[in-house]
Every structure is written in C-alpha cells, then in structure tokens.
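Since chain A is already given, all that's left is putting chain B on it; use the hints.
Each chain, written out:
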Amino acid sequence: MASLCFYFQIHQPFRLKTKYSFFEIGNNHIYEDDSLNKSIFNKVSKNCYIPATKLILDLVEKFKGKFRVSFSISGAALEQFQQFDPSVLDLFKNLYQSGCAEFLAETYYHSLAFLFSPEEFRHQAEKHKKTITELFGENPVTFRNTELVYSNAIALEAKNMGFKNILAEGADKILRQLSADGNTSDNHSFPYKLYCPKGLPDMNLLLRNYRFSDDIAFRFSEKKWKEYPLTAEKYTKWLSDALSITQREIINLFMDYETFGEHHSSETGILKFLEDFVSAVINETDLEFIMPKEVSQKHKQSGEIDVPDNISWADKERDLSAWAGNSMQKSALNMIYKIEKNIKKLDDKDITHLWRRLQTSDHFYYMSTKGFQDGDVHKYFNYFTTPYDAYIVYCNVVNDLSELIKKRSLSP
Amino acid sequence: MKVLMLGWELPPVISGGLGTACKGIADSLAKNNIDLIFVIPTGRGGESALDSRIRVICADKYTPIEKYLKNFNEKYSEEFKSINFSDFSPYHTSYEGLSHETVEQNIIEKISSQKEYSILNFEGNYGRNLFEEVMKYRYIGKALGENESFEVIHAHDWMTYPAAICAKEASGKPLVVHVHSTEYDRSWSNPSKGIIDIEREGFDKADKIIAVSYYTKNIIVSEYGINPDKIDVVYNAVNKNTQFLRYQIRKSFDDKIVLFLGRITQQKGPEYFLEAAVKILNRMDNVRFVMSGSGDMFPKIVSKMAEYDIADKFHFTGFLSDTMVEKIFAMSDIYVMPSVSEPFGISPFEALLYDIPIVISKQSGASEILGNAPKVDFDNTDELAAVIINLLEDDMLREAVVSQCKEDMQNISWANSAARIIEIYNRLAII
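First to last, the sequence lines map onto chains A and B.
The first sequence begins at 1 in the working numbering and counts up one residue at a time.
The second sequence begins at 1001 in the working numbering and counts up one residue at a time.
Certain hints may be false.
If we take Cβ atoms under 10 Å as the criterion, some of the chain B residues that face chain A in the derived model are [stated by the list, open to error]:
1. K1061
2. K1193
3. S1292
4. A1306
5. Y1354
6. R1427
7. I1430
Mimicking DSS-like on lysine-lysine, the simulated pairs with C-alpha atoms at most 25 Å apart in a straight line are [stated by the list, open to error]:
8. A:K19 with B:K1251
9. A:K293 with A:K316
10. A:K17 with B:K1279
11. A:K19 with B:K1300
12. A:K130 with A:K344
13. B:K1313 with A:K406
Since the hints were derived computationally from the structure, they do not count as laboratory data.
Think of the CB as a built atom: it goes at the ideal place given N, C-alpha and C, for glycine as much as any other residue.
Extracted from the complex, chain A is given alone in its bound form (with noise of 0.2 Å):
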C-alpha cells in the first residue's frame, strides 16, 4: 500500500533587538527582543498553533488512528511554548498520546552546527533529543537536520547517533542519479520510494516531494496560479494518481507547521482544505498516512543515494547559499564559532546558552541580499528593514559576548 508521510517543522527564533547599536556594546547583555519574539509568537499561535494543532488532534480522534503525522519542533520553539503560553505545548503532549505523532529530533538551536563545529552539532542533537524525550515521553529515532541541511556526512554523523531514520530534500541535482522511473515531464526527478543514504543500509532516507509539498505550503492561495483554487478533490486525485504508477510507494509532505493559518491565513481556506483532505485521503483512496519511524515497517529501501555536497531546503539553489552565501554572512557565521574555544573554556551556563542561541540559523537569514522570486521569501520573514542593519546588530551583540567573555575570564 502507498503511503502520505507528514512532516512539520516548528521554529521560532529568538530575534535580536533591531536598536542593539554599538553603543551597547560592553553595557548592554541583554539581546533579545522579548516583546517582539513574545508578539509574534502569540500572533502564530492564535493563528497556527493552537487552531491547527485542535484541528489534528479532532481528525486523529475522528479517523481512529488513521491519521498521523510528525513534528520536529525546535529547542528555541520549545523555550518559546514555555515562556509564552505552556498550554500550547500540552495539545502536542495530548497528540503524542495518542499515538499518532512522531517528535523527531534536531539541533536544538535550530543552527547550522555541523558545518561548522561537529563537537558543537552533537551536543545540540543530544539535548534536543533529550529535551523531546523529557517533553513528551518520545525517544527520537528521526533525525532532521536544520533547514533539511544534509549531506553524506550528516547522515553519518545521525547513524551514529543512534537514529534510524534521515530526513533531506528531494533537490533535483540529487535525484538526476536515480533511474528514470520517478521522472515526469519538464526535467524534474520526484522521490516516489524510501532511499538510503550512501554506504548507510541501516539508515532510512526519506526524500520530500518538494513538488507537492510546495502546492500546500508556498502556492495553495496564490491567485495567478493556474491550478488555483486547490480543492481537497484535486490535491487528493493528484497523488492517488501519482503513486498508481508500478513502483512508487511514498510521498513526503514537509513544510513549515506554520503554513496553516500563518503562512496562509485561516481565510484563504487552507484548514478546512487539511480537514477534506484527509477525509478524502482516508474514505475515499487506498493511501495511507504514515510517520517517519514506521517507514521502514511499510516500504524496503530502494537504493542509496549519494550527496557529497550540502543540500537544504531552501531557495531555488536547495543549498547553503540563504545563510552563508554573502560576506556578511559568513563573516557572521566565523565571527560566533571562533569564539567557541573560549566559551567553551569559561564553562558558563548562562554565556554558553547566549552563545548557543546566536548560532540559530535566523539570524543569518536575516543577512541575506539574494534578491529576485527567493527575496520575497527573504523578505517575508526578515524583521530587520535591511540585511546590512542585521548584520551590524549581530556584529555588535557579538562583540559584546565576547567582552564579556574576556571580563569573565579576568574575573571570574
């Protein structure tokens, strides 16, 4: 039987003060802007959260367990459920017990660790797994790693670990090495089975299918889309029809939890699409709603797949470039890890977590200067009026870290 696989990923940053000037610096340690990360998170949870998250939990009581899906929800969104509103976080607890939900586990400050510092990337995995297991009583056995960054050696590095699962985009450039079964038209390569990672038979590579994934999460209420309005109907029929083809199994449905009533407000229609959706899905086709840790009870691998360079999820490019493509940006990203040793050396609890928070992959989003159809994408989510005063905040809370590293380090 061929199976749905629903994945969303929960992230809420803890954004910098866009007025950290340089005069703050040696004065100031506080970075965060409270009331504005406060704002917006009790604007997507009035949204997102709380509405879409009932909605789930109705239909999973409604289906009898039929329906399932997965979350991997940040440590940083994590912080933010137990800060701002904790009785967020019991609906994902009473999902959980259900048995229909999966937690996955990933760096738990949402950052780019592994690029930079594997020391650094363990420890975030480890206590985001821990964090998951504490939470919810789920002891991870799927890895995601931010933004979908993936790569042979991410892959590994999960292996051991201890997951058995991997979660990665479907890019184009990695599936033009499989055969030509899962082509269709207008030289596109669709992931339609369970893969695994190159030399990792143990491990179970689960590719999304950015093409239907992205029908949901970026053009379900876009007007000048042709295929506009989605229905229930049409979404439904279109993989039904997709994996009646001999051979394909599974389609991975990944995005941003957020699509549903944030991304997308509750007007354009996109819960109640969820909601016929899965009634569809469940009365009227023979597929089945799965969740990464059962995949591999379902489906056997169909061949590995090799990706000696960074992938991600993000952009037309599916690669690094969105967090460290310009200058800036990397001169972020050397800035805060070459600070490590000596964070790590001063062995403070608070600094350490400061430290952590400043490596989520956000703050260098927000640096980012593509421009053009990504851009709007960028922009979409950038608080700061330029990607230049982003960088010159973080700039600045950076340097004051490190004065107060050193002051620590005199004077402990």
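Below, chain B without anything else, positioned relative to chain A:
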C-alpha cells in the same frame, strides 16, 4: 544694512552641514548689526530661534507669492521638459530601503506634515523632488525681489542660485553667491551636468563669489572657468558651545578608537578609511574602527568590511543624532577625514574641540587652516595607515597634534568670517 539671504535649510532639523554653516554666518552677521531676511523653502520647526535681526521666511508660507503663480503650472511643465533628470544627482545622496536613512527621512516627513498652510508645497529636502523644487524656488526669488527691501542678495549653494538670480533681476541689487561645495566635490566621478550648469550660471551672474577655501576657489577657477579676481575666500568657523562629555563617557573596552564620521558617500572617502583599517589591523590588535553616518555607499562598505572579516574590530553606528555624535567623539582617540574632495570640512575642528587628534586629506579646505595636522592624499592608504599607527603608539604625539592644531584653529572664528563678508557687502553696495 539689510541683506536678502537665500538658504535651503536651517538648524535644528538639517540634513547636511550646509544649514549649520548658514546659521553660523547669519548669527555672526546679525551680531555685527546686519539685518537679514533669511529664506528657506519650508520650515521644519525651531528655525525662528535666531537673532532678532534675522527674519526667517519660509517660502511655502510667503503669501505675496500667490500672484506670481497664476500661470505657474503651465510655464512650469514646459521648463520641466528642458531638464535632464537622468543624470541628476541629489545633494544628499539617498538610497533605497536602508533604515538609517529612512529614519532620518521619517523625522523630516513627520515635521513637514505638521504644516497647516502651504502654497508651494516644498519638502525642502535633498530627495527626488530636489530639481523640481529648485525651479519652483525661483518664484519666491522674484516675489521677494519685488516686495522686500534690501541692499545685497546672498545665496548659499546651487539650490538657491536660480532663485537668487530672479531676485537680482527683480530688484537690481548685487548678488553674492557663497560656495560651500561644488558638484565636482560631491560627485567627482559622475557629476550632474544639470547641476553644473546651474552652478556656472550662478557664478556668471554673481557680482561676487565667496568660496569656503582656496581649495574650492581653485575648483571654481579651473572647472568653471571663472576669473579668480571675482572670488574671495572666507573660511567657516566652528561653534564652540559643544558640551564636553568626554569625562563622563566610560569606554567599555580598552582598545583605542579611530573614528570616521560623515556621510558614507564617495566624496567622504569611506573606502580609504576601511582600507587603512585593514592595514593597521594587520600590524596591531588593540584598536577599533568606528564608521558613523549613512549614505549610498553604506551597503558596499559593510559588505567589504565583512569580506575582510574584521567585524570584531570595525563597527558601524549608522546615522547619529547630535547627542550621539558628541558621545562618539568623546569615546574616540583619533579622528580621520579621508575626503576625496572637501571644500571646507567642519568635522576635524569639532574633533579638536574634544581634544582628539586628527588626520585629514590634503584635498580639503580644512588642511589650509590646520597647518600642523597630519595630512595625506586621500587615496594613499599606506601612508594613512602609517600616520594613524604613529599616533596610536605615541601619546605625546597625539597631545602635540591636538595642541598645535588648536592653535591653528585660533585663526578662524565666526566674527572674522562676518567681518570679511561685511567688507564684501560694503564694496558691492557702494558700487
């Protein structure tokens, strides 16, 4: 004696140094018993707090102008066609989407929007409508020329020249044009032909030209072909009523601070400051560089700094309010003005008031006055770096530069400037 003076802005709300210089001149003239009608396109609040001998007229509130505007729209649109906007470079370069600039603009817009009555609807800014407003400003020149009485017309920089020429034609009174900067200073690599034409016409029609330095006089002679005998040099001066915050400021790090403060535009040479910083950081560690200001080169300089990967030693403050300017001066140990072309350059004098040693480019009016200041060619970053390192490493030298330059500074004052300008008025009024 009564003078009709045309300007573009007056403190407290200003976009550049022009307003400050104009106020210094007007105040000191008033102290020497000159009556002034000081005209600006629009009020932004607080301009009236000047000497009682100065009557400030905001063009957009000057009622007699109404009868001059009867055929305004018609004539106006024709004139428009003759202006080439494509090569137009505004006085104060603006750039899109950058917050420091936006903040500045917002303040100005906010104040402008409080206007309750307006005939001409001036922004009085240096933005996109600048050319249009310079042309509109001529109607006030004509109106004033016919309705007010005065002996001399005195106009500050190109935006006011067309209006001043109209006032001269209407009144028959002599015209002094005061050159605080030329288009070649502001945009040497890509000067606007439209602005140069306006400047040249002003120089031609003027009875006397005042340049703020010999450096500027030379440009007027060589680039505009004006007879040097027509040009007098009158230096600006610096307001010494600055509050000294130095003793109250605690720097939060031990490193010495080298400061650039000015618009981040081609004219001010920010990239030479950055290049010198890189060279200095290759040789020493206990120093930081601060670039204050905003401008169209801001993104480029920030990106370049990031490329050099010196963000732990090179900082940007954005555009600073007066209070913050005082603060950054008080925190700094060396002030650098690497301008590509600086008619006068008031900022090194301000730095000296904070006892900060200065390094300035030879291509500046300030270098004529500050004989004892270390000077380099703006693009010689090896030498600029070497001079800064010398100063950083030698406390005695820093003190010596400050005390000697402060002596040089004794030669300039607003009183001296006023005396020279009154001499010029008298000669013209007699003719």
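The hints, checked one at a time:
| no. | hint | result |
| --- | --- | --- |
| 1 | K1061 | 34 Å, violated |
| 2 | K1193 | 31 Å, violated |
| 3 | S1292 | 8 Å, holds |
| 4 | A1306 | 4 Å, holds |
| 5 | Y1354 | 16 Å, violated |
| 6 | R1427 | 50 Å, violated |
| 7 | I1430 | 54 Å, violated |
| 8 | A:K19 with B:K1251 | 19 Å, holds |
| 9 | A:K293 with A:K316 | 29 Å, violated |
| 10 | A:K17 with B:K1279 | 32 Å, violated |
| 11 | A:K19 with B:K1300 | 21 Å, holds |
| 12 | A:K130 with A:K344 | 21 Å, holds |
| 13 | B:K1313 with A:K406 | 15 Å, holds |
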